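Could you build the full structure based on these sequences and the hints that come with them?
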Amino acid sequence: MKEILIATKNKGKVTDFRALFDKYGIEVISLADLAETIADIPETGSTFEENAVIKAEAIAKMLQMPVLADDSGLEVTALNNRPGIFSARYAGEEKNDQKNLHKVLTELEGVASDDRSARFVCALAVAEPGQETFVKRGVCEGVITAQPVGTHGFGYDPIFQPIGYDKTMAQLSTKEKNSISHRGNALEKLEEWLKLR
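Here this note's numbering is used: the first residue of the sequence shown is 35, the next is one more, and so on.
Keep in mind the hints are simulated off the structure, nothing from the lab.
Take the hints with a grain of salt, since some may be wrong.
[Claimed, not checked] Taking lysine-lysine pairs in the PhoX-like style, the calculated list, with each CA pair at most 20 Å apart, reads:
no.	residue 1	residue 2
1	K95	K43
2	K95	K36
3	K57	K47
4	K45	K133
5	K209	K57
6	K229	K36
7	K36	K57
8	K57	K201
9	K129	K47
10	K223	K209
11	K36	K209
12	K43	K129
13	K47	K133
14	K209	K45
[What the hints assert, rightly or not] With beta-carbon atoms standing in for the labels, derived distance ranges:
no.	residue 1	residue 2	range
15	K201	K95	18 to 28 Å
16	E222	G144	30 to 40 Å
17	M96	K36	18 to 28 Å
Since the model is a prediction, treat every value here as computed from it, not as a measurement.
Cβ coordinates follow ideal geometry from the N, Cα and C atoms, glycine included.
Next comes the structure, spelled out in structure tokens:
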């Protein structure tokens, strides 16, 4: 396999995947690179895994090529694992990173630092026409900080401090982030699939 479509237009995700797939010599294209626009696939699943599979299989069938879809988000223990599968639109339908992370911080006001455990979760699904879909889950454990810190990354990165670090995800270099991220973690588990290609 020389090329794979990443089923997203999110530039941050595409940058992460390009860095991760580079070592396999696989070219990554995204939905933003296509001449035709693909309508959003309704994510009707109740888990990250279900949503990733729905998206990957629908687009692979449509384009007749390998497609990797991810569904990922933030689970905050004190919020009963919200925002979870609703992470991208937690503060409203328009997908606003700043509003989303401020909503989490507002909901955690008064919660002690010891009770602010959280995790980034990523489910990756790789679908190819005529092949069984591979699905893997990656997790990165951490805590939610009192306020946003850092300018790298995207989404909830500025308020997420990984276990064992005194920095948020948004303060880490791309290389550091990929070595511990939920997405990097899930992709490592896909190596068996990649090695067959």
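Tell me, which hint numbers fail for this structure?
8, 11, 15
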